[in-house]
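Novice: This is what each chain is made of:
There are 4 protein chains.
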Amino acid sequence: MNVYSTVSDSLENVDDYLDTGRRKMEWAAANMPILSFLREQFIREKPFQGECIGVALHVEAKTAVLLELLVEGGAKVAVTSCNPLSTHDDVSFVLDSNPMISSYAKKGITDEEYYKGIEAVISHEPTLTLDDGGDLIFALHKNHKEKIKNVIGGCEETTTGVHRLKSMEIEGGLKYPVFAVNDTPMKRLFDNIHGTGESAILSIAITTNFSWAGKTVVVAGYGYCGRGVAKKLSGQNARVIITEVDSLRALEAYMEGYEVMPMIQAAHRGDVFITTTGNCDILNRNHFELMRDGVILANAGHFNVEINIKELEKFATSERMVKDGIQEYQLGDGRRINVLASGRLVNLATPLSLGHPIEIMDQSFGMQAVCMRELVVNPTYAPGLHSVPIELDTQVAEIKLRSEGIEIDYLSETQESYLKGWEFGT
Amino acid sequence: MNVYSTVSDSLENVDDYLDTGRRKMEWAAANMPILSFLREQFIREKPFQGECIGVALHVEAKTAVLLELLVEGGAKVAVTSCNPLSTHDDVSFVLDSNPMISSYAKKGITDEEYYKGIEAVISHEPTLTLDDGGDLIFALHKNHKEKIKNVIGGCEETTTGVHRLKSMEIEGGLKYPVFAVNDTPMKRLFDNIHGTGESAILSIAITTNFSWAGKTVVVAGYGYCGRGVAKKLSGQNARVIITEVDSLRALEAYMEGYEVMPMIQAAHRGDVFITTTGNCDILNRNHFELMRDGVILANAGHFNVEINIKELEKFATSERMVKDGIQEYQLGDGRRINVLASGRLVNLATPLSLGHPIEIMDQSFGMQAVCMRELVVNPTYAPGLHSVPIELDTQVAEIKLRSEGIEIDYLSETQESYLKGWEFGT
Amino acid sequence: MNVYSTVSDSLENVDDYLDTGRRKMEWAAANMPILSFLREQFIREKPFQGECIGVALHVEAKTAVLLELLVEGGAKVAVTSCNPLSTHDDVSFVLDSNPMISSYAKKGITDEEYYKGIEAVISHEPTLTLDDGGDLIFALHKNHKEKIKNVIGGCEETTTGVHRLKSMEIEGGLKYPVFAVNDTPMKRLFDNIHGTGESAILSIAITTNFSWAGKTVVVAGYGYCGRGVAKKLSGQNARVIITEVDSLRALEAYMEGYEVMPMIQAAHRGDVFITTTGNCDILNRNHFELMRDGVILANAGHFNVEINIKELEKFATSERMVKDGIQEYQLGDGRRINVLASGRLVNLATPLSLGHPIEIMDQSFGMQAVCMRELVVNPTYAPGLHSVPIELDTQVAEIKLRSEGIEIDYLSETQESYLKGWEFGT
Amino acid sequence: MNVYSTVSDSLENVDDYLDTGRRKMEWAAANMPILSFLREQFIREKPFQGECIGVALHVEAKTAVLLELLVEGGAKVAVTSCNPLSTHDDVSFVLDSNPMISSYAKKGITDEEYYKGIEAVISHEPTLTLDDGGDLIFALHKNHKEKIKNVIGGCEETTTGVHRLKSMEIEGGLKYPVFAVNDTPMKRLFDNIHGTGESAILSIAITTNFSWAGKTVVVAGYGYCGRGVAKKLSGQNARVIITEVDSLRALEAYMEGYEVMPMIQAAHRGDVFITTTGNCDILNRNHFELMRDGVILANAGHFNVEINIKELEKFATSERMVKDGIQEYQLGDGRRINVLASGRLVNLATPLSLGHPIEIMDQSFGMQAVCMRELVVNPTYAPGLHSVPIELDTQVAEIKLRSEGIEIDYLSETQESYLKGWEFGT
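Chains as they are written, first to last, in this note's numbering: chain A, 1 to 426; chain B, 1 to 426; chain C, 1 to 426; chain D, 1 to 426.
Chain A on its own, in the form it takes in the complex (with noise of 0.2 Å):
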C-alpha cells in the first residue's frame, strides 16, 4: 500500500470505496472503443513485458483505464498526480490495488506532498515516462541523472510540457527521447478544442449556476485552447473578446467574427474571464482595477500562474469562500472578483469537474498507448523532442472511425496516378 498511507488509514470500508471507484472506471471504460480495441492488440503483444512506466497524469477513471490497459500490455506501473487538486481518491485507491500498479496520487496535497510523489515513483526506476506537465522528466534531469540511462523514452500530454520541453531542449537538457503528444493532430484538434472547450464552460457554469446566453467573455490566448473555449461558448450564445500578443492569431480571431482588443481594454467589459495562454500574470492588478462588480474568473491553462492570485490578495480588503469553488475577493470600493478553483485549471479543479469528457480523453490516450509502443517496439529515436509520426495519428483515428461505424472512402488508382502527376494543364 503506498498511497499516502492516510488514505486507507481514513477509511472506514474500504469495500464500498473501491466499489465506486471501480464503477467509475467500469463506465469510463465502457465508453472508451479505442483503449477497448487497443486492449486486445496488447493481450496478445504484450509490448511493456519488462519495462516499468513512470506516470503523472491526472489521476482519475479515464486515466486508470489506460494505466490498466499499459499493465495488460506487461508494464509495471508507477503513478501519481500532476495536479494537487485533481485527484479522485477511490479511483487512485483502486489502481493501487493492482499488484502491478503503486498509486501515490491524492487529492488536496501540499505543494511538499505533491514533489514527493513524484519522487516515489522515481523510486521504482522506470524506463518509460509519461507525463502531463513535464514535472517527472524534471525531476529526473534535475535530481536522479543517474537514472536516465535507464529511461527509453517517454511521452508528454499537454502544451505547458512541450513548451517547457523545448525550453530544456534548447539549453541541451533533454537527456532520452519524448514524443510531444500533446502536438499531435489526434490530440490536439480533440482534446484542445473540443475537450478543453467543453469541459470549461460545463466547469464554470456548475459551478456558478449562470446561463452563457447574454454574458460577455474574455477569453485570453486564440491557440488551441482558447479557441475552443471560445466556439463552445458562442455556441451556447455568449459574446466573446479575444485578447492575443500574436498578431496572426489575433487576425483569425478577428475574422471568425470575435471582438478582439488587448486586456487592458477588455476588463471593463467581461463577466467571464477564462485564461489560455501557458503564460503567467494575464490578469493582474491593472486589470482587477477595472473589473465590474461580480465578475468570475477562470483559468483553463495548465498552471495556476495566469491569474495573479498574489496581487489579487494585496488588492484585496477581504476574502471567502463564497459558494464551492468560488473565492470572493472583496475590494475597498464594493466591488467583489470572484475566483474559480484558486485559479487552479477549472476543468479538473473545481469541486464538482470531471476533467475531460471521456470519449475525448479516449483519442488522447488512444494515442498515449501507441506511442508508448512505438518507444519500445521501434526504439531509434534520438534523446530530445521528437514529434509523433502521422501513422500513429492515422492508427488511431482509424480505429475511432471504426468504432463509430463511419466508413471514408478511398483512393482509387486513377486518383492516385492524378496526384503523383503535375503534367497535366488547366
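Worth flagging that the hints you see were computed from the coordinates, not collected in a lab.
Accuracy of the hints is not assured; some may be wrong.
It does not matter which identical chain is used: a pair holds within one copy or between any two.
[To be verified] Distance condition first, Cα-Cα at most 25 Å in a straight line; then the derived DSS-like pairs of lysine-lysine:
| # | residue 1 | residue 2 |
| --- | --- | --- |
| 1 | K166 | K420 |
| 2 | K166 | K46 |
| 3 | K420 | K310 |
| 4 | K420 | K142 |
| 5 | K314 | K149 |
| 6 | K175 | K420 |
| 7 | K149 | K116 |
| 8 | K149 | K76 |
Given the coordinates of chain A, assemble chains B, C and D onto it according to the supplied hints.
Specialist: Only chains B, C and D this time, still in chain A's reference frame:
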C-alpha cells in the same frame, strides 16, 4: 417548524445547515438584478399585505429569493415542492426559519408525501397560488372547492401546467383567474430556450462525463424547450435529429438544418435521446428494441411520463445504478440502455443538477412577481386562464436591460406618425 | 398587349426575349414542389372560374409560376409591379403573352408610371386582390370605392402591408376581407427569416464583392426579417450589432449573443448597416456624421424610407455611381458613404438581385394560393383584416414535407388522451 | 497592344470599356488596405527595379491592383490568365493600357489560346514568376529550360499548384526557388476558409436562386477549402455531409458535427454536391446513377477534373443550358443533373462570379507582394519549393490589424522570461 420533521431531526448541526442554505441564496440573490430592483418597489408598496401565497415550485436557492421578495412585499408564504427530487433541503430549511414562511419541501419524498405537502400548503388558506405544473391548483379544485372563493388568482410557470389548465378550462373547471406566465415572451423566449437548453445539456454532460462533439442526439419535440435543447446541442457540435408530430414545427426544424424523422427511424441512430414534448410514451418498447448499446435517455419535460420506464423495466433482464444518476438497464441481447434521473426532469433531478441558470430564473421570477402584483393591484380578471398583458413583459425587459447597462432606441415623432399612417406609397 | 408599349416596341427579337423569360420560369417551376402539387388540385377543381384576380407583386419568375397556377385554377389575372425596380421585363412579357393574363409590370419606371400600373390593374374589375405592400388595396379604397362591392377578398404578402392594413382597419377603412398572409407561420418563419436573411446578405455580397468574415454589421430592427439577417450574418462570421426600439426584442437579441445599442452609438462601429424596421428615418444625418469612411448602407425593409437619402444628398458634397448598384456620397471631410440600390429593398433592387430563393417563395406562394382558394370556397369572412386559419398552414407544411420525403410522428391514442387529461399528478 | 487582338478589335467604344474596368479596379483598391500600405513602401523602395514579373493569375480587378502595385515597385509585368473563364476583359484591357504591363488574358478562350497566353508571357523573359495553379512554371520548365537561369524565383498561390510543385520537386524537376504562398497561414487560414467558403456558396446561390436553408449538401474533401465551404453552409442552415479519404480529416469533420460517409452512400442524399478535393473523378457515373432528380453539381477546386463531365455526357441522353451558368443533363430515366460552370471553379467561372472577396484577396496578395520582395531582397533561397518565413505572415497580419484599428497585447518582461523557463513546478 413545518418542514417534515425528519429534516430538522436528522440534523446534527443546524447552524451549518442554515449556513450552506443561506450562502446558496446569497449567491443567487447577488445575481438576480430584476428581483433586486423589484425588492425596492415591493418594500415601499407592500402589495401583498394581508395575503397568503400558496406555492408549489422547485424549492432551491433561486426560488427562495423570489419567496423572500414576496414576503418583503407583505405576504405570508406556504411552500411545497412541485417535484419529488428537486428540493434543496438546506434552502427549504432556511425558508422555513423565516417566520413569514412555512416550507414543506423535502428531497426524495414518496408520492404520498408529495401530496401531503400540497395539502399542507392548502391548509394555510392561500389567497394567491403560484404553481409549476398545476398540482396545487388541481388539488384546490378537486379536494377543497370551498376554499376557492378566497383565492384572488394564481400564476402558472410551466408549459405542462398551462396545457393542463387549458384542458381544465374547456371542461369549465377553472374557478379563479390564472395567468399563463409560461406563455409570456419573457418566460418562454428565455427560460424555455436558453434555460432549459443550457441546463439540460449541462446536467447530462456532468452526469455522464460525455462530450457532445461527435454525438448524434435525438430531440423529441420542437417546441420552445426542444428548440432550445437542439440549438445548444448544435453549439457544442452534436448532430441533432428532431422528431415531431406537428407539420409546421417539423418544417421549421428541417429548414433550420436539422434532420427530421419519426422516432421509429431515429431510434437506431441516436447516441443520446432527450424528450421535451410534454406528452407520454415518447420512448417505448418499440424504440428500445432498436437502440444501440449504451445509449443515454434523458427527459427535459415536466413530468416523468415521456420515457416509458415501466416498459423498459419489463423489457430489461436486470438493472443497476451504474453511476450516480444513471440507471443501467441490461437487455437480453447484451445491449444496455442508460436512463438519467429515472426519467424525471433531467436539469433538476440528477444528483448534481442546479436547475435553470440564475439569471434566467431572475427573468421568469421577475415575471411571476409582477404578475402576482397585477392580480392584487388590478383584481378585475374573470375566472379562467389569462394571457399576461404584454406591458408586464415590457416592464420586466426594461428592468433587465437597465441592469445590464444596455440602452436602446426610441421612436422619434416622425417615426411614430409614420407608423400610424397608411396612405404613403412605394 | 398591355405591357407599357415600350416593352414590346423596344424589342428587336421577341422570340429571344420570350425564350429567356420562359427558361427563367421553367427553372423556377421545376423547383417549386408545393405549387406543382397544388396545380393538380387547381386544374381539377377550377376554384377561380369566373374570377378576375388583381395582382401587385414583384414580377419575376417565381411570381409568374404562381400567376400561371391561378390561371390554371380558372382565373383571369391582371398584374403590375409593387416596386419600380424589381420587375424582370422578360418574365413580364411572357406573362402578358398568356391570353388570360394582362401584365403592366416594367422595370425602372417612374412613380407616375408605377401608379398607372396599379390603375390599369383596377380597370380589369378584380374580384380578388393579391398585394405586396398594400398599394393595390389602398388605390381601390381611395379612388375606386364603387368597385369594392365586387371584391370577394384579398391577400397581403408583407409586414409593411399588414401594418398599413391594420392602421386602415382601425380607422374603419377596410371594406373587404383580407388575409394577413405575411403573419402566417408558413410565411414569416421562413420567408422573413430564411428568405430575407439569405437574399439580403447575398445581394450585398454580390454587389460589393465584400467578405462578411471580419465585418462589423449593424442590423436595425430585430423583428422576423432582422433576426433572419442577423442569424445569416453570424453564420458568415460577421460581428453583429442590433438596434431596436422594443425592449423585449432588444433583450432577445442580447441573450442571443449580439451587441445591442442605440444607433447613435453603433454609427461609428459599423462597416455595413442593414435596415429592417419598416419605419422611416432609421439612418439619418445624425448617424452619417459619425460613420466611418467607406461604409455600406443597405435597406432590407419594404419601402425606401429607412435610409434618409434626402438628408444624405444634402449632407454630401458630391455623388456618383461607383459600381453597379452602389451610389457613393462624398462628404466634405473626405469620408465616403456608399448606398446600395438607392435605399430600396436590397434583395430585389440591386442589379444582380433575384429576390427570395425559389423554395422560400414556393412556401409563401403556396400559402397565397390556398388563401385565395379559401376566400372563394368559403366566402364567410367579414370585411377587415383576418388571420389565416392555422389549418391552411398545416396543409401547406404537409405538402412541403411530403415533397422532401420527410415523414413525421403521429399521436397515438394513448398520447391523445393524455393530452386531453389534466387530473394526473407529478 | 498584346491582348488577343479580338478584344480591342471588337470594341466599339474603347473609352467606355476602359472606364468600367477602371471603376472596378478603383472599388477594389479602395478596399485593399494592405496593398495600399505596401504601395507607399514599394514606391519608396522600388524593390523590383529592372525585373520582369511573369504572371498567370485570375485576371480581374483585385489582381489588377496587385499588378499595379508591382509596377509601382519598379517591375515590368507580363500577365495571362490561369483559367479560361475567369478573366474580366475590361480589366485586362485597362492593365494592357499601362505601358509597363502586357496583358494576354481574355475570357472564354480555347485550350490552345490558353497555352498561347502562357507562351506570350514567357516571351517577355520573366525574372520572377507568379502562378496560380503552376502552369507558367511548368511551361518554363518543359519548353524553355534555357530561360530558367534568368529566373530569380517564383510564388505559387494555390493548393493544387503547390501539390504539383511538390511532385515536380520529388522528381528533381524544380530548378528555381518557389514560395508555397498557398501554404502560409495568412493565405490558407483566410483565403481558403473564408474566401473559398463565402464565394463558393455565394456563386451557387446567385446562379441557382436556391436557398441553403433546408438543403442537404455533400462537400467532397475536408481540407482548408472544404471546411470553409462546410462551415459557411452550416451558417446558412444547410445540412452538410462530408466525404474524405483521410481518416484524420474525416474524424475532424465527424467531431465538428457533420455526417461523414463515402460518396457512394452520400450520392442519393445530396441536393447539392460541392467538390473541393484537388483530385479527379470525385463525382462519376457510379454516383450519377444514384443521384436525385434536379441535383446541383459544383466544383470549388482549382481544376475542372473533379466532376467527371465526360462520363456524364455519355450517360445523359440530352443536355441544354437551362439557366445562365447551369448545364442540365437529362438522363434516360427522366432525372436531371445540373452542372454549374461546366465543372470549373464555381466561384470564378459562373456568369456572375466575382471570385474571392476583396478583403480576402488583399491578404493573399499582400502575402504575394511581400514574398516577391523577399525573393529579390534576400536572394539566398536554393532551387526548390520553400515555406514562407513566418515573419512575413506576421508582417502582413500586423498591417491588416492596424488597418482595422485593432490593437493587441504584448508580452511583458515577466511573461517573456516565464516562457523561456522550464524549471518551475505545478
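Novice: It remains to establish, for every hint, whether it holds in the given structure.
Specialist: Results of checking the hints against the structure:
no., hint, result
1, K166 x K420, "between (36 Å within a copy, 9 Å between copies)"
2, K166 x K46, "neither (32 Å within a copy, 41 Å between copies)"
3, K420 x K310, "between (59 Å within a copy, 22 Å between copies)"
4, K420 x K142, "between (49 Å within a copy, 17 Å between copies)"
5, K314 x K149, "neither (46 Å within a copy, 62 Å between copies)"
6, K175 x K420, "between (40 Å within a copy, 19 Å between copies)"
7, K149 x K116, "within (22 Å within a copy, 66 Å between copies)"
8, K149 x K76, "within (18 Å within a copy, 62 Å between copies)"
The earlier numbered hints that this structure contradicts are 2, 5.
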